[in-house]
Amino acid sequence: MQAFEEGMPEALFTPAADRIDVSLLGSRSYYSQSQAFYVMRDYFRHHAPRSFSVDRTAHADASLFVMGTYHHAQADAPVYVMVRFDEGSTTWVLHEVRIETASP
Amino acid sequence: MPIFSSRSLLYWIVAGILGSSAIVLVGMQERLTSSEVAGRDTEQIAEVRTAVSTQYQALRTDLITRAEMLARDSTIIQSLDALRPGDRPRRLVDHLAQLNVHPRRAVEVYAPTPRLLGWTGFSMPLDQAPDQEAFLQDTQVAVARRGDVQTALVAWAPVRLDGRAIGAVRVMQQVYVDPPVQNRFIQAYRLSAEWGAPLPLPISITWEPPRTLADSATTLLLNDLHGAPLAHVRVVRPQPEQLLRMERERIGNVQGAAVGLLLVWLLGGLAYRFYHAWRRACRSDLRSLATATGWMFGVAVGIVMLRYSAIGLDLPARWMHAGSAAAPLFDPAHLASGIGRGLMRSIGDLLITGCLGALLGGGLFMLGLRYRLPVPWRDAWTHRYTLPLSRRWVVLGTTIASIVLVTLGLGSSLAVAHVVEHAVLDSTLNFFARTGLLPNLLVFTVFSSLALLLAGLFASLVALWWIATRLVLLAWPAAYPPTILGLITLGSGGLAAVLLIIGFHPADAVAPTVSILLFLGAGGVAFVGRTWPHNGRSQLTIQRLLPAAIILATALYALLYVGMDAQRRSRMAEAAQSFAEGRNPRLLFALQQIVEGVRTDLDRWQTPSITADSLDAIATDALRGSLLTSLSPYESRLVLLDSLGTPQAQYATPGVRPRRVQQMPEDERIFRRMQTLYTLRGGTEPVVTPLPDDIRRDLRSGSAVEYVGLQRLRGPGPLHWAMVRIEPRAGIVGSGSDIPRVFLPDGSYSDLYADLSLAVFTDGILRRSQGPDVGVGRLPDDVRSRTTQAAPVWTRTTDRGATYLTYYARSSDNRVVVARLPTIMPFDHLYYLFRITVAVLVLATLAYLVGALMRYRAGLLPAPRVRFRDKVLNAFLGVGVAAALAVGVLGVHVVEAEGDRGVESQLADALARIEEALALQARSGERIFRVVDRTDMNALAVRMGTDLDVYEDGLLTETSRPRLVRDGLVEPRLPMEVYQALHLENRRFTTARRSIGSFTYRVGYRALTDAEGRTRVVVAVPTLSEQEQLEEEQARTLAYLFGALLMLVVVVMGTASLVASAIAQPIAQLREGLEAVGEGRFARILPVTTRDEIGELVQTFNEMRAQLAQQRRKLAQQERELAWREMARQVAHEIKNPLTPMKLSIQHLKRAFQRRGEATANASGSTSPQDADDSQFAELFTRITDTLIDQINTLTRIANEFSSFARLPTRVLEPLDVNEVSREAVQLMREEAPSNAITANWHEAPLVVEADREELRRVCINLLKNALQAIPDDRTPNIHVATMKQAPTASHPQGCAELTVRDNGTGISTDERDKIFQPNFSTKTSGTGLGLAIAHKTITELEGSITFTTTEGVGTTFRIRLPLTQHES
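Chain order of the listed sequences is F and W.
Heads up: the first sequence runs through residues 1 to 104, numbered per this note's numbering.
Heads up: the second sequence runs through residues 105 to 1473, numbered per this note's numbering.
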């Protein structure tokens, strides 16, 4: 939550898997952890946060899903965020970030 | 530079201004409040509105102008005027086919109906303009849409002839493209992003009139020509805090520029001071060296500060807006790594780091040049410098410094290797794609950046070697022998190397090995470079830079390969794990597309009263229109459910055509499970996942893994859910999905590795596989035993001659997952190396130009002397590189042309088979094109195993991939040039290049004609699915070609070096030989080592040397003789002068005494004792005077002979017979010799030679006299004279006359033989020693020879040879 509220990817990537699936407004790619961090950093730089709210969290098998709504400075309409964490040895590990414009 | 000079004052003034500006800007930033920026949003909104309006007006005007210009085109007018119903005018088609339009523009020409007559570019459905009254009356502007996928702004212009409208032209400009997938091939496009990039506020453009005008200030209407809104632009009004942030950011941009300039300025000052200190530094002056070192340290700190300040201030990325040309360089989506806390967080940052690293390396190299030993090594060792410090501290300090330097060097090498490895691991770029001669710009930039870094590192290492060596020699104690130093160096180096290598896994030892080799290589260069003149400028030549570039590229490739290998292994493991879990990304993606497509179709067409037939049609069409169905080995099953989750309809593809099927018992249960998951995930995106394990276990045993997708429907009808399940048709071996790479996300393993094989073995038996055949049906026993451990197993296996890297991992107790990928072939390595070498060569070219400038400024260019070896080397290199380039360019064309021909051939074959299949279904006399109407083309496509499209009158009527058409990825009409070829030129077959985004593929078209030969139907086969394989094959051929070219260049370089040395070395030897000859040293003979012209030249030189030596000896002998003659002349002259008066005086005295004696005897008439004494005296007197006169005569004769030896020859040459002359001499000597002492034998014919008669006779007489004198008294003299003719020789083509004088004298002793012809040598006490010298001189001057053979105690034979004249012969 802190990551999206303040535009700080560091909070999101602690910890993160070696390879992360990132989909930003339809453009999807698999990145290394290091690269994914900078991709998200760049996204926040160009889409500075205005507000973020967590709509729902849910567990499915060994995954934790966090869905939210993100308002940023580049547009009036919000974007929708889905972040997936998989269960690690001691904590949840980031595996996937999706940011889409589709409304529910 | 003095501190307070005018120049330094200016420097500090500028620095002060920049610093003050930065501080002021920081203050401004901090003090900026919301109240100060209030109102600026209104200004910015107005600015944005104006800018967008201007852009829109310009675009609209451009479209209208273009449309009206085409509407006035005479070809179009005439074509429309000549239009017949149902026809497409050929001239119009030809004209449009030749039009060159931008990829985002399209042109169409319509008949008034409106009926589309001709086109070029993309297609769009008709907009509302034809429905307007003004259609064909005035120019119109409208918006055309293809669903939510594409939008275009269009301009219509009526075509008029004599005042009546005969047609219309439509010009379209794409303004919005939203593809279903985005990757490196396919990108979304929004005109709003293009216009909004440079604007201060973000905008969004909706290409339809606004429903309401909520905020007119932030809404701008884009109108048509009549003022009706076509679209509206929303300017995002910034919130106050955002406004403040934006304003602060704007100030920050300026501040960043000020700080950046300040840092660059300060660094420039430091560099300037270093440069001056460096120029003043002397290699033997430690104080100046220390000063230069200090400034270099300052420069290094400055560079580091500059770099990290730029990172902290986000420079220069903060100045890049999204649309700028350099923006992709700073996009982390291509490359971003956290190494160095931002040093390579984008390609642009990596480039900046590389440039600064090269700069630092260059500075250290310059410093190191000054640290080179000022004297040769041995002298440096014996004359080491001392410092006025305690030796113990000096030793300690310099030793520590040296160790630190060496450690720093090794550590830097390893760090750079780590950077290079992560440039691959933290990037989505495909560095090792085989897609042409040169890498793309981004990859090229990365290669160049890494090469700069590596070059800077190498230069630094060389400098470190020089500095460390100097420091050690500075203070190594004199008492310690150098051997210890050598042992310590070798020992520590070896230990470090061993630790580094064994500390890494063998597979990871490449990077440290390369690092160590770089370090040691730098040491070698440092050793060689210790004597470079001109501070190494002379090394920046082609002969040095070209091999250096290739070596640098090789080192870089080795390090890149480490990263690539790690990446491959990581992705193989990831793919294996995904496959084991059932996560096939291609299938998951395809399934996602199916459920989304089903939702789109049903949302659009479903109504509350929808009939079953309609539903069937919609559902089967949606199922068939997917990317997956009909061509894949997977069976799809669609289940439609109501709001309660009760299945209402089921459709499947058990065969080739989807149809309604019965419900399966597990449908509802699966739905419940998926519904839960859907809800958990937010309910916005379809849920696509492998079938949950617990459900699969409950199903029929041995079932293959299934995939399930679920999506909620939004339409008003009774159906609320769509669920799709897919499973492989064959239970054991799956042949892999045929989803082309163009539709897959970047970076996924299936995107990168088309030839990746995946398989799951249960209890050692193959159960499931994907991709190319994995090669075995059972796991090898040794692998099974090794995979019992937790760690995965990596092996290299060989299958049918190909080598594979294979990964085995245990995914459960009895399951082993396998991933296999072909290893890289040797020629692939060469191809990759070639691409890297090209990037490094560009840098080498820059270095060469810089070096040329430096040499020019130093007066070394133009070079006063160019070595012949360098000329030969340059010529070879030029020819070799030109040949490689020519072959490369030609080879690319040939390979591509052959590839195209091969593809065309394949397409032609495929279309021929399709036509044959259609022909088999034709009735008697029925044309094939009519069969198409009643043929299930989808089934035909499945049977043929290929995609298939059908066109009628240029428009797509059937396709095996309708989804692609619906998503706007494939055009629903023939390209104009294809229409022209098949319909107008009546060709039967043609091909064309099509593209989806930037992904290009080929399509083959076959015309099916009617009885008149006119094309009625066109069948097309695209290579969409096969394109990967085609490109792979072509790329492999190119890889082999360029690998061979790289080897050719290396071989040419090596051969050039050898040949140049082989040519230059003998020339150098010749030069040395000539120098030796010039210095009078004739002893050295050059070895003849070759059998060519060079060898002949050397041999000729040796002969010349021998002749010169002989000539020199002759000259010396002549000079000696000349000296003797001169001396003899002088002596003779001096002696003869007093001899004559002496003789005369004595004769006079004798006569006077005789006269006196006679007078006395006559006067006394008697003899007395006094008379007896007088008589004795008279007798004595007479005897003495006689003796004196004899001796005077002898002296006179000797003097005369000296004169005759000394005088210049005044011979008179004439042809004379040797027989005659020698006969005369014999007759003369017979008078002096005992009788019969001399015998003779004359040649029967005259022996005519060119000589002086008197001289020759004297020579003969001299020989005869010597012969007589050589015979002892107790021997009967026997002297034989003979003449004969000698046969012609090469030196005497006429032959020679030979005169021999043989005696039976005492012979000549061994130690006298060498002196026999010397002027002052004689064996006789009374001899002058000149006779034989005169004879030798005479005969030699007559070009003859005089030799002798002798036997002591037996006798001697003298032999004279004189060349016969032409006269004789």
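Treat the hints loosely; a few may be bogus.
[As the list claims (entries may be wrong)] Pulled a few chain F residues facing chain W out of the computed Cβ check, cut under 7 Å:
id, residue
1, Ser34
2, Met67
3, Thr69
4, Tyr70
5, His71
6, Ala73
7, Glu87
[Said to hold, decoys possible] Anything over 12 Å on all C-beta distances counts as not near chain F; from chain W, calculated:
id, residue
8, Leu305
9, Leu439
10, Arg1255
11, Thr1343
Read the hints as simulated data drawn from the structure, not as lab findings.
For each residue, glycine too, the CB sits at the ideal point set by N, CA and C.
Verification of the supplied hints:
1. With a cut of 7 Å, the hint placing Ser34 (chain F) at the interface with chain W holds, because the nearest CB-to-CB distance is about 4 Å.
2. A distance limit of 7 Å between C-beta atoms decides the matter here; for Met67 (chain F) the minimum to chain W is near 4 Å, and the interface restraint holds.
3. The criterion of a C-beta within 7 Å of any C-beta in chain W is not met by Thr69 (chain F), whose closest approach is roughly 10 Å, and the hint is violated.
4. The closest approach between the C-beta of Tyr70 (chain F) and any C-beta of chain W is roughly 13 Å, which is over the 7 Å cut-off, so the hint fails.
5. Restraint check, His71 (chain F) versus chain W: the minimum CB separation of about 10 Å is more than 7 Å; hint violated.
6. The criterion of a C-beta within 7 Å of any C-beta in chain W is met by Ala73 (chain F), whose closest approach is roughly 5 Å, and the hint holds.
7. Hint status for Glu87 (chain F) relative to chain W: violated, with the closest Cβ pair at about 14 Å, above 7 Å.
8. With 12 Å as the threshold on Cβ separation, the claim that Leu305 (chain W) sits away from chain F is violated: the shortest Cβ distance comes to roughly 9 Å.
9. With a least beta-carbon separation of about 7 Å from chain F, Leu439 (chain W) fails to lie farther than 12 Å from that chain, contradicting its non-interface assignment.
10. The non-interface label for Arg1255 (chain W) is consistent with chain F: the shortest C-beta to C-beta separation is roughly 137 Å, beyond 12 Å.
11. Every CB of chain F is more than 12 Å from the CB of Thr1343 (chain W) (nearest about 118 Å), matching its label as outside the interface.
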